[in-house]
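K.L.:
Residue-level listing of the chains:
2 protein chains.
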Amino acid sequence: MEYIKIAFDVMGSDKGLVPAIDAALRLISEKKDLKIILVGLQKDIKKELSKRKYNHEQIEIHNATEVIEMVDGIMDIRRKKDSSMVRSLEIVRDGIADGVTSGGATAPFIAGCIFILKRIEGIERPAFMPVMPTIIKDKVVLLLDAGANLECDADDILKFAIMASSYSKSVKGVESPKVALLNVGEEESKGLEFHKESYKVLKNNKNIEFIGNLEPRYMCSGIADIVVTDGYTGNIALKAIEGIGKNLLSEIKVALTKNLWRKLAALRLRKAFKEVSHKFDYRNHAGAIVLGVDKIAFKSHGSSDKVAFYASLKMTYDAIKNDVLNKVKAALENK
Amino acid sequence: MEYIKIAFDVMGSDKGLVPAIDAALRLISEKKDLKIILVGLQKDIKKELSKRKYNHEQIEIHNATEVIEMVDGIMDIRRKKDSSMVRSLEIVRDGIADGVTSGGATAPFIAGCIFILKRIEGIERPAFMPVMPTIIKDKVVLLLDAGANLECDADDILKFAIMASSYSKSVKGVESPKVALLNVGEEESKGLEFHKESYKVLKNNKNIEFIGNLEPRYMCSGIADIVVTDGYTGNIALKAIEGIGKNLLSEIKVALTKNLWRKLAALRLRKAFKEVSHKFDYRNHAGAIVLGVDKIAFKSHGSSDKVAFYASLKMTYDAIKNDVLNKVKAALENK
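These protein sequence lines are chains U and H, in that order.
Under this note's numbering, think of the first position of the first sequence as 1, with each following residue one higher.
Under this note's numbering, think of the first position of the second sequence as 1, with each following residue one higher.
Excised from the complex, chain U in its bound form (with noise of 0.2 Å):
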């Protein structure tokens, strides 16, 4: 059987190999077509393994004694050179794998996504591309690049709007996908020269549907499929509505709990509460690309439990499975 391959780095991440392994055997179980191969300390995940029943045919381990940690940087990509990290990326760049999903520091991963994996052709700066949810059902909004080059000019921004478009029509089946550009305003006339010119090369393009700028505000009201923007304002806004969502809810649960009767009260309400906070569990859209790297690679959040690895790694069978890499490279050849 022709298997699609993802190298799973588990090690790195905040709540340990667990949760890795717990997402990958259910992921597996579901797709048939899958194997996993789980880099990082073979002794560590065979321990791991051999407390749960799977189909063997389906898992590989690669052993890799360094790990990544969360507080590394970019350049001990260069030094750990037996970290999982590296070790999955190289799997992927030597053909072993078709893709790769981590849990680890996302600056070292992205570094090591470039260095390793190398650039599509003509991409100077790859993105880094969160999925968002927003108020519409089933509806997510694609923000890039949210933190990958702080720095980006209109041809980088034109190119991830190319690229997202691509990735939005096969992977998730929009027809036609809305693109914004990210700003303090609407008017064309709106922010710094940088959005100007953006604007101008986003707004000629005949191969994206470009709706002009969108204020953060909307960013999750459903309007745009697509938000692009400069690594540096994405990562603020991004980290701006993790924040506030994270804190909102902790207040309302604070409230609810308050004393017993409000807890009876609020059990009775599990369910609604369930369905907003299943709509805006980031869990559920764990996984960002790095796109415009020459493999399919995700990076999945470094506090991922098993239902956010899960996710991750879904997404990355996903876009193997639709051959979004290939999609990307002709949609950049053909802008």
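Errors might be hidden in some of the hints.
To be verified - Computed cross-link-like contacts, DSS-like style, restricted to lysine-lysine with a CA-CA straight-line distance of at most 30 Å:
| no. | chain 1 | residue 1 | chain 2 | residue 2 |
| --- | --- | --- | --- | --- |
| 1 | H | K327 | U | K246 |
| 2 | U | K258 | H | K274 |
| 3 | U | K279 | H | K274 |
| 4 | H | K306 | H | K335 |
| 5 | U | K274 | H | K137 |
| 6 | H | K258 | U | K274 |
| 7 | H | K35 | U | K137 |
| 8 | H | K327 | U | K274 |
| 9 | H | K203 | H | K327 |
| 10 | U | K246 | H | K137 |
| 11 | H | K203 | U | K258 |
| 12 | U | K172 | H | K271 |
| 13 | U | K258 | U | K279 |
| 14 | U | K279 | H | K246 |
| 15 | H | K258 | U | K279 |
| 16 | U | K139 | H | K327 |
| 17 | H | K137 | U | K271 |
| 18 | U | K53 | U | K32 |
| 19 | U | K32 | U | K169 |
| 20 | H | K271 | U | K258 |
| 21 | U | K137 | H | K271 |
| 22 | H | K35 | U | K246 |
Bear in mind the hints are in silico, worked out from the structure with no lab data behind them.
Because the structure is a prediction, the values reported are computed rather than measured.
Since the structure of chain U is provided, determine the placement of chain H on it from the hints.
P.N.:
Leaving out everything else, chain H in the frame of chain U:
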């Protein structure tokens, strides 16, 4: 009796002058040493006032025949010489009132403050400073610049920190306000050149309590009393937070009113939801000061209702009463 006098531009906000007048009458009933000069179409104001009971001693009307509309730009401040916004700023400039509140368009108001009220000596870029809630009870965070100047330098940032610290001490009673620099990461080396320079300048100043870089995810965590940044970044972060807060609360409302059963259970939790929404309700912090101009000038949210206008007027009153302008000037001289 020596009154504190506020010039109140009651025109140009989304909801018209009725909530503005209601808010003014509420505040004068609470503050016996306050006189509010309502600036706008005399005929309309008189008509509304005639329907209400209030202490006539504490209300004046200043006629203005034009309105700066929400779609108007900076240049309309020069063009609409008899607008309520321009007239209320002039009243303050001429010493007839001690401070101004407006619910009109933000960009013209900030421009008007600079043109008409002039900058404090030594201040090149006055900042727009909204107040945001935090998850800590009764604690707020001041964000500046939130959009007056898209681009700022390290010297501006230091002055923002000094002015906001002085404001926080005198109005909010914070003994030693903690100042953080908004950035994509916490380490000193993170961010753009602008951040590295600003970090150095803030760290070396002995008159502020600088606690380092702060990621936007912790903006409302209560860690910092003051968050300084350039107007571009501040505007992006502010609008991202406003947007997702609104989205989340509206999603919760949808989920809780889906059927009668849920509605009944939610009714029992009304008080709990009120606690949360009160804390995060922007209307309770609707006023944003333009810090760095040579008078007290507050902008109320463009979609202000009675609650929001009341909060803005009260902030204006508090700032005048606490002699914020002179304290800010003294702090700048001693920096």
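K.L.:
In ascending order, which of the hints set out earlier in this document are inconsistent with the structure?
P.N.:
1, 4, 7, 8, 11, 12, 16, 22
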